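Enquirer: Below, each chain spelled out in residue letters.
Protein chains: 4
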Amino acid sequence: MTKQLNIGLIGAGRIGRLHGEHLAQRLPEANLLAVSDIFVEAAQRAAVDFGIPAAYQDHRRILDDPAIEAVVICSSTDTHARMIIESAEAGKHIFCEKPIHLDLAEIDRALGAVKEAGVKLQVGFNRRFDPNFKRAQEVVASGQIGEPHLLRITSRDPEPPPIAYIEVSGGIFLDMTIHDFDMARFLIGDEVEEIYATGGVMVDPAIGEAGDIDTALITLRYRNGVIGSIDNSRKAVYGYDQRVEVFGSEGVVIVGNDKPNTAVVSDSTGVHGALPLFFFVERYTESYLAEMRAFIAAVQEDRTPAVTGLDGRIPVVMGYAAKKSFDERRPVQLSEIED
Amino acid sequence: MTKQLNIGLIGAGRIGRLHGEHLAQRLPEANLLAVSDIFVEAAQRAAVDFGIPAAYQDHRRILDDPAIEAVVICSSTDTHARMIIESAEAGKHIFCEKPIHLDLAEIDRALGAVKEAGVKLQVGFNRRFDPNFKRAQEVVASGQIGEPHLLRITSRDPEPPPIAYIEVSGGIFLDMTIHDFDMARFLIGDEVEEIYATGGVMVDPAIGEAGDIDTALITLRYRNGVIGSIDNSRKAVYGYDQRVEVFGSEGVVIVGNDKPNTAVVSDSTGVHGALPLFFFVERYTESYLAEMRAFIAAVQEDRTPAVTGLDGRIPVVMGYAAKKSFDERRPVQLSEIED
Amino acid sequence: MTKQLNIGLIGAGRIGRLHGEHLAQRLPEANLLAVSDIFVEAAQRAAVDFGIPAAYQDHRRILDDPAIEAVVICSSTDTHARMIIESAEAGKHIFCEKPIHLDLAEIDRALGAVKEAGVKLQVGFNRRFDPNFKRAQEVVASGQIGEPHLLRITSRDPEPPPIAYIEVSGGIFLDMTIHDFDMARFLIGDEVEEIYATGGVMVDPAIGEAGDIDTALITLRYRNGVIGSIDNSRKAVYGYDQRVEVFGSEGVVIVGNDKPNTAVVSDSTGVHGALPLFFFVERYTESYLAEMRAFIAAVQEDRTPAVTGLDGRIPVVMGYAAKKSFDERRPVQLSEIED
Amino acid sequence: MTKQLNIGLIGAGRIGRLHGEHLAQRLPEANLLAVSDIFVEAAQRAAVDFGIPAAYQDHRRILDDPAIEAVVICSSTDTHARMIIESAEAGKHIFCEKPIHLDLAEIDRALGAVKEAGVKLQVGFNRRFDPNFKRAQEVVASGQIGEPHLLRITSRDPEPPPIAYIEVSGGIFLDMTIHDFDMARFLIGDEVEEIYATGGVMVDPAIGEAGDIDTALITLRYRNGVIGSIDNSRKAVYGYDQRVEVFGSEGVVIVGNDKPNTAVVSDSTGVHGALPLFFFVERYTESYLAEMRAFIAAVQEDRTPAVTGLDGRIPVVMGYAAKKSFDERRPVQLSEIED
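Chains as they are written, first to last, in this note's numbering: chain S, 1 to 339; chain Z, 1 to 339; chain U, 1 to 339; chain A, 1 to 339.
Hints listed in this document are in silico derivations from the structure and should not be mistaken for laboratory results. Careful, some of the hints might be misleading.
Straight-line alpha carbon distances no greater than 25 Å define the calculated DSS-like cross-link-like pairs of lysine-lysine that follow [said to hold, decoys possible]:
(1) K324(U) - K324(A)
(2) K323(Z) - K324(S)
(3) K259(U) - K259(Z)
(4) K324(S) - K324(Z)
(5) K324(U) - K323(A)
(6) K134(U) - K259(Z)
The model shown is predicted, which means the values in this text are computed figures rather than measured ones.
Pulled out of the complex, with its shape left as it was, chain S reads as follows:
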């Protein structure tokens, strides 16, 4: 076995605990040495639950520890860019949850620091590691369906987040669609040039009052001519709905939802199967493990991570393009955002 990678975890909220449990208990290639959280009780709780040797309030304690080779950044979104810069300056390899930041200049500063320090950075677009989407990407990349022509992504949450969260989320395109923007790039392997976004408030008027929408339909036009469509809803009563379809000159690949079991009951009223796995924790468990395995391997084998800093930046640009398109009710070039 290769030597374990010594890791520090920054942030012990929901996603931090998820990564913490995986690093401590399910990834033998990782050695989780410490966890920090500005709410020190959260760090201590995680340390006890997952058997992590050290718990701090100040993430600097992690960055200052020479034994720690890499950090996993799960702090609040607005701190990601700063944490990346500090970690890079401390010479640590970095796994950072998405998005890097909602301000492109901040993202660029962070990516600059990473480049300068020569450390590795992987951004947490975990869905790329989902066995279903991964298989779809492989089918497309293999040429099995020929040249891709059309892309369809359905991405619906089982329930909206609290309004307080909505208010600081940056809006549906930067908070929710951002994952689908990454998926759109991943599946087609090319860049989007133009975005047209429409949508409305259909789930909860309070979301509208918070200045956001809850239902959206986004059209993508790629440089290579592919056209794509993403639909989002904050509330699918039947559970987390995560499907994609790529149609090409030689065929189509479609991936559907995962279910907790395959049982099908037929009775006098119909044929009934299980609902999809409830939400991202259930659906994407394997992908969270796989992305972390990939990050550790990239560090250990000195390879470019599977999801780079640029992969973290572009979906933010796409989010702004979608927002501008929705506001101005017209298709928007991604190049307009960069200006």
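Starting from the known structure of chain S, fit chains Z, U and A onto it as the hints suggest.
Expert: Leaving out everything else, chains Z, U and A in the frame of chain S:
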């Protein structure tokens, strides 16, 4: 049994023969007395094949026959409006293949003649009678999925028509998407206000040279706020791909393709099932029968036909809006077309 | 077009009317000249409904008509053998509903008469013509799944017949399983040597009081070593359940039920699809048409029918073996029945 | 968190390593203190790989350790009963892989020792914890499908074990069908009274030369009248095939295979999906975790384990009944085995 309806068939091309066979052999409520075609051999051939008593070159012979109560118009598209007017003036009830005409003024003249004559007109949007789409519409209308939020239509042909046909077709939006525009209205039960269309030439450069595109993605915004998406391709190598999905506040209904058999073979390379039924004749056989049954019943029972003249007109308006949107690369209001 | 085959229909009960409608309205290669039924009103009703020129009480009127080339026998089961003999002696080709008779000596007499007269006889095992089972048979015969090892047939009715019918039916093995015995021979293309049958009264005690069982599980051992299993129930509340599976050295083929539509609704309680088509009339419509087409073609082209007299006889032997096995609670050789 | 249960692992072969990894890394409620194997290198290898503090050749070292509260027995089958007796005498709670022993008298001695010592014993019928089968059992137990009438189990391995293994396996009924016998009891919740087994050598003549068969079909008759059927093959080229179906008065529940992904590719040759997960390690991972969680909880909460010693004994009786039935070509009562 109610008295049979005496019918004359105008046009004995592919779709004319299909209706002719149904009227002569599979619809006991119909009495097909005559068939006409400007290529009189086609009329004669149909008469022999399906046992139709009379075959004419001139459709006037049908209109002049007082025994004939209703006509089924399957002549070339450019003659539909004129045939409707003549048939209405002759006091015949009318079933007319879509589209009525590609010129809105002509359509309005035809609908005016129908109104004046007080005859019934049903337009041949047969897909409404397909058991799958019909069931989807029933589910939506019943409220089972709550308020509709999103609509997705996938509509792909197995192979493009000849270039000669493409050249006179009016373009993909008026020739192919027109069926999906009807489906979009049928499923949601409300009117579309705005259309945004994008697409390209991906299947065959010759289609582009003929001034058309072969792949399209159309976004619909309804008066009631629903947003919808239609994707089209002139060539799906795996066969006719006709699926719809309506997502609402209380659930989702999805309908898929029909297949020639349910056999699934698993071998060492994978799990393999049959391709969808090849094209519209195979997939929509039942719907062609059902629409004709509905037309005959509407005449016999003096009811409004299931697909009215207005239902024939609106998808043409939508086709023009899609064309204008594609040409001008911006969302277009349907009201812009009417001006 | 080949000359139409002139046909007379003997028996105008449920299955007679079904064949009558097909012959009169959906099979242009057939010319249905007359119908007979000992209840002459039934014959007259069918004649009016389907436009059959002549209706008789006495089937001899059909046999005596020199214009009639073939008969379709749908009279009551106990008269089948006699009708076959009379029809053969009259020189008519014969399509006969199954079973030929429940007495093997009677069957042999009928088959002898057919042979002597040199006419064609097809027995109405229509399921062989079902697109699903036909495809399964083709897959097996093509060698795609290698050497067959195991067969599974599930065959369950949506509801039991009236007790009065049960009492004269010959019992579940000769009335219901007989179709599955034919399917078992058809799919494997080899003969069964030994049968073990078990079962019980689970659906309705009245069926037990009538001396029959309503639920059965039958094990088959073929000459070539294949082993098979058939399960039957007189009542599946979810509808007609007709599935088969053949497992072999290189794979497995599984066919499932047909459904009225492909609509799937997901709501907060689960994922819901349509029930199977209700019963044999709905499920096997196409197969009834196809078997009749095959019979007419066999006569017109002077070929051996797809389901021969022997194919009609062997399932009866199997039915007796199953009955004996159930009664004696031991596996029974088919050769024991012949002695 | 409840106090962790201190566990010793006896046997570090394939299944021992699987449990060892789970106990050491994925079950925080377990504290795996030691591993033993008569091949001490295997124990040492496992200790290094999974971070187990102690590795011994002699399992007595584990039984003598007062800190260890429970043992997990994964040694060779012929030693299970002895290990159970020694462990019970040492006052350890016991999880033991199936089968307990192939000699009923040995099983009874082991169960007697367990009873006398008052320790808990859970037998490793892990499939009961598979989410699919568990759901099927819940559906049946809930009454959702009414009274059960028929049971069908399909259980096929992707490839046969080595001939050397076959020779000492006790034969297909005691080695392979034994799992299905447990499943048959679990799903119906009642006892089998009579078994009829048939089968043959279809996969590999060497299996026949070793005195065993490789393909089997077993009929079960339960005390409560339910009839069931199990089919087995040692080689399904398409992978591990593990399906069950329970049919009852109010409906049917069917569970199918799990697949590595939901991707479906349609191209010009057909519609293609992934094969089932390859074999038991892939398919039943979750069930191995779940059964161990259940065992630990049963000990911690002083409850009867989910799979008792009797549940370990009865499938062995059923295996002998199947063997006797196959040898004597007749249905065999389970009571015949006990005499």
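Enquirer: If a hint holds in the structure, say so; if it does not, say that too.
Expert: Consistency of the hints with the structure:
Restraint check for K324(U) and K324(A): satisfied, since their Cα atoms lie roughly 22 Å apart, inside the 25 Å limit. Between K323(Z) and K324(S), the direct Cα distance comes to roughly 24 Å. Compliance with the 25 Å bound is thereby established for this hinted pair. About 11 Å separates the Cα atoms of K259(U) and K259(Z), which keeps this hinted pair within 25 Å; it holds. For a cut-off of 25 Å, the pair hint linking K324(S) to K324(Z) stands: about 22 Å separates their Cα positions.
The hinted pair formed by K324(U) and K323(A) meets the criterion: a straight-line CA distance of about 24 Å does not exceed 25 Å. The hinted pair formed by K134(U) and K259(Z) meets the criterion: a straight-line CA distance of about 14 Å does not exceed 25 Å.
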